[in-house]
Amino acid sequence: MSTGDARTAVLVEGVSDQVAVEALAVRQGRDLVAEGVAIVPMGGATNIGSFLAELGPRGRDLRLTGLCDVGEEGAFRRGLERAGLGVELGREDMEALGFYVCVLDLEDELIRALGAEAVEQVIEAEGERGSLRIFRKQAAQRERTPEQQLRRFMGTRGGRKVRYARLLVDALDLTRVPRPLDLLLARV
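The number in my numbering is simply the position in the sequence shown, starting from 1, with 14 added.
Be aware that a few hints might be false.
In the DMTMM-like style, the derived pairs of lysine to aspartate or glutamate whose C-alpha atoms are separated by at most 25 Å in a straight line are [claimed, not checked]:
| no. | residue 1 | residue 2 |
| --- | --- | --- |
| 1 | K151 | E134 |
| 2 | K151 | E140 |
| 3 | K151 | D122 |
| 4 | K151 | E138 |
| 5 | K151 | E161 |
| 6 | K151 | E131 |
What the hints contain is simulated information worked out from the structure, not anything from laboratory work.
No experiment lies behind these values; they were computed from the predicted model shown.
Between the sequences and the hints, there should be enough to build the whole structure, so can you do that?
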């Protein structure tokens, strides 16, 4: 769906976040297009200001919500404040506006919700067990926890984060949806 047809825009940092949100909505039996919800990948959190200007109260006045990594919380906060959506916003204030922060990032949230063993099973089913094993032998990975290794592995090859976003959501027990994703979809 283009934002031209939307009543609600969900602002996310990138395409892997978009894929995860859309996949979870499908798993929950929702049709976001029919609901007038567009998931909008911004190409990075620092672009939030231009998206808020276009889609927010000073632009098309769509209902807005969003999701960001903890490292980008400041960019989201500043963007929301500049768009006139609040002053000196804390995380609770951002959540009240419908903007949720992932601890580390969405991949980390999904890995923790699934557990390392389940994520490894997904990777094995994709035929990448050997790649993961080689990756884990690298000196920089040896001291990391399995969860940290898996998170880093997701970002080592172009397109891998996008591909695994859907696969990890598909493997997810719907009673263990990460809090930011759960709150985001409950909001729209």
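Consistency of the hints with the structure:
1. Our distance criterion of 25 Å between C-alpha atoms is met by K151 and E134, whose separation comes to about 15 Å.
2. Distance check on the hinted pair: K151 and E140 sit about 20 Å apart at the alpha-carbon level, within 25 Å; holds.
3. Our distance criterion of 25 Å between C-alpha atoms is met by K151 and D122, whose separation comes to about 21 Å.
4. The straight-line distance between the Cα atoms of K151 and E138 is roughly 17 Å, inside the 25 Å bound, and the hint therefore holds.
5. Between K151 and E161 the alpha-carbon distance is near 15 Å, which keeps this suggested pair within the 25 Å criterion.
6. A threshold of 25 Å between alpha carbons decides the hint, and for K151 with E131 the separation of about 18 Å falls inside it, so the pair holds.
No hint from the list above goes unmet by this structure.
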